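Chemist: Relying on the hints, combine the two individually framed chains into one complex.
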Amino acid sequence: LAKTTQPISMDSYEGQEVNITCSHNNIATNDYITWYQQFPSQGPRFIIQGYKTKVTNEVASLFIPADRKSSTLSLPRVSLSDTAVYYCLVGGVNTGFQKLVFGTGTRLLVSP
Amino acid sequence: DVKVTQSSRYLVKRTGEKVFLECVQDMDHENMFWYRQDPGLGLRLIYFSYDVKMKEKGDIPEGYSVSREKKERFSLILESASTNQTSMYLCASRPGDNNQPQHFGDGTRLSIL
Numbered sequence: 001l002a003k004t005t006q007p008i009s010m011d012s013y014e015g016q017e018v019n020i021t022c023s024h025n026n027i028a029t030n031d032y033i034t035w036y037q038q039f040p041s042q043g044p045r046f047i048i049q050g051y052k053t054k055v056t057n058e059v060a061s062l063f064i065p066a067d068r069k070s071s072t073l074s075l076p077r078v079s080l081s082d083t084a085v086y087y088c089l090v091g092g093v094n095t096g097f098q099k100l101v102f103g104t105g106t107r108l109l110v111s112p
Numbered sequence: 001d002v003k004v005t006q007s008s009r010y011l012v013k014r015t016g017e018k019v020f021l022e023c024v025q026d027m028d029h030e031n032m033f034w035y036r037q038d039p040g041l042g043l044r045l046i047y048f049s050y051d052v053k054m055k056e057k058g059d060i061p062e063g064y065s066v067s068r069e070k071k072e073r074f075s076l077i078l079e080s081a082s083t084n085q086t087s088m089y090l091c092a093s094r095p096g097d098n099n100q101p102q103h104f105g106d107g108t109r110l111s112i113l
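So the sequences go chain by chain: A and B. First residue of the first sequence: 1, per the numbering used here; consecutive thereafter. First residue of the second sequence: 1, per the numbering used here; consecutive thereafter.
Since the hints were derived computationally from the structure, they do not count as laboratory data. All values derive from a computational prediction rather than experimental measurement. We treat Cβ as the ideally placed atom computed from N, Cα and C, and that holds for glycine. Some hints could be false.
Under 7 Å between C-beta atoms, here's a sample of chain A residues computed to sit facing chain B [claimed, not checked]:
# : residue
1 : Ala28
2 : Tyr32
3 : Thr34
4 : Phe39
5 : Pro44
6 : Phe46
7 : Gln49
Straight line, CA to CA, 25 Å or less: simulated DMTMM-like cross-link-like pairs of lysine to aspartate or glutamate [claimed, not checked]:
#  : chain 1 : residue 1 : chain 2 : residue 2
8  : B       : Lys53     : B       : Asp38
9  : A       : Lys3      : B       : Glu69
10 : B       : Lys3      : B       : Glu69
11 : A       : Lys3      : B       : Asp38
Which stretches of chain B does chain A cover? Using the computed rule of at least three CB atoms under 8 Å from a CB of chain A, they are [as the list claims (entries may be wrong)]:
#  : segment
12 : 15 to 22
13 : 67 to 79
Chain B on its own, in the form it takes in the complex (with noise of 0.2 Å):
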C-alpha cells in the first residue's frame, strides 16, 4: 500500500518565519505534489515535481518554494509566513506513469499567528 507521510499533522508559527514542511513517500514515485486547501476553494495545486530537482509551478505558487533533492521526498518552504498562508497543506504522489492516480498524506494543518 502506498505511503505518503507528512511531517506534522499541526503546526503553529509565527508571521516572518521561514516554515519548511515535509512529505516522504515510500513507493518511488516520480511525480510529487504540494496542494492546499481552504474553505470553498477545494484544493488548490501550488508546486509540483517531476523527478529529483525538477520542478514545476502549480496555480498559486507566490509566497512558497519547493526543493526535492531525493527522489522519496518533496519540501515545501515558505519563505516568509503570513497569515494568509493559514491552511491545510497536501502532499501527493504518483508513478510516472500518466494515468495513474494521485496518493496523498493526511495533510499538516498550519496556523501562521
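So that you can see chain A by itself, here it is in the shape it has in the complex (with noise of 0.2 Å):
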C-alpha cells in the first residue's frame, strides 16, 4: 500500500488560500487520492478525491501531476473554520474493496 507524506502542520491567515501537498511516490496505477478533514473530537469527513489532472468541488481542489507521485489540496479563501487536520490517503480500486492507509496528517491553523 502506498505510505503519503504530509507537513506536520501549516499556518495561514483568514482570506488566504491554502496549499497541502502530499508525497506518495510509490502509488499503483489503480489507485485514487482521497483527502479528509478532521475536526476535533470528530470523524474524518471527505473532502475530495481524484485519479489525475485536476478535480474541483464547492469546497477544495486537487490537482495531480501527470506523474501521480504527489497531489496538492488547494482551500481557497480559508477561515477560522478550516482549521482543523487534513489527511491525504492512496488506496486501491481492484482489490475487493478500498483499504485506505491514513498518515498523521497536516494540522492546518487559520488565524484571523
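Modeler: Here you go:
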C-alpha cells in the first residue's frame, strides 16, 4: 500500500489560499487519491477525491501531476472554521475493497 | 446524507472487561471499517468487513474481534480490555464500488482503567 507524506503543520490567515502537498511516490496504477478533514472530537469528513489532473468541488480543488507521485489540496480563501487536520490517502481500486492507509495528517491553523 | 452512528461518544471500562463498540450505517453500504486513532499515530485500521459475516484483519487486529451479523451493523469487541486500548475508535462505511470514499462516525472515546 502506498505510503503518504505530508507536512505536519501549516499556518495561514483568513482569506488566503492554502495549498497542502502530499507525496505518494509508490502510488499504484489503480490508486485513487482522497483527502479528508477532521475537527477535534469528530470523525474524518470526506473533502475530495481524484485520479489524475484536476478535480474541483464546492469546497476544494485537487491537483495531481502527470506522474501522480504527489498531489496538492487547494483551499480557496480559508476561514477560521477551516482550522482542522487534513489527511491525504491513496487506496487501491481493484482489490475487492478499498483499504486506506492514513498518515498523521497536516494540522492547519487559520488565524484572524 | 450518509449517517454512520456509533453507540457511545464516551465510554469508561475496567481492565479485563469485555467491551462492545457498536456502529450502524443507514446507506446499505457493503464495506465497514474499524479504526483507532492515537496522538502522533494517525488512524490505524483494526478490522474491516466487505459483506455480512465477512471480515478481514487490518494492521492492528491483536486484542480485538468483530462481528457483522447484519449489513447495517458492525461491532468491535475487546475480548479482555487493557489500558493500552485506551483510544478514540472510529467506524466507517462505504459502498462496494471501489472508488467511493469512506464515511466516518464521530467516534467513541474509550478509556480503560
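Chemist: Now, for every hint given, state plainly whether the structure supports it.
Modeler: Here's how the hints hold up against the structure:
no. : hint                 : in the structure
1   : Ala28                : violated, 13 Å
2   : Tyr32                : holds, 5 Å
3   : Thr34                : holds, 6 Å
4   : Phe39                : violated, 10 Å
5   : Pro44                : holds, 5 Å
6   : Phe46                : holds, 4 Å
7   : Gln49                : holds, 6 Å
8   : B:Lys53 with B:Asp38 : violated, 28 Å
9   : A:Lys3 with B:Glu69  : violated, 33 Å
10  : B:Lys3 with B:Glu69  : holds, 19 Å
11  : A:Lys3 with B:Asp38  : holds, 18 Å
12  : 15 to 22             : violated (count 0)
13  : 67 to 79             : violated (count 0)
Hint compliance for this structure: hints 1, 4, 8, 9, 12 and 13 are not met, and every other hint is.
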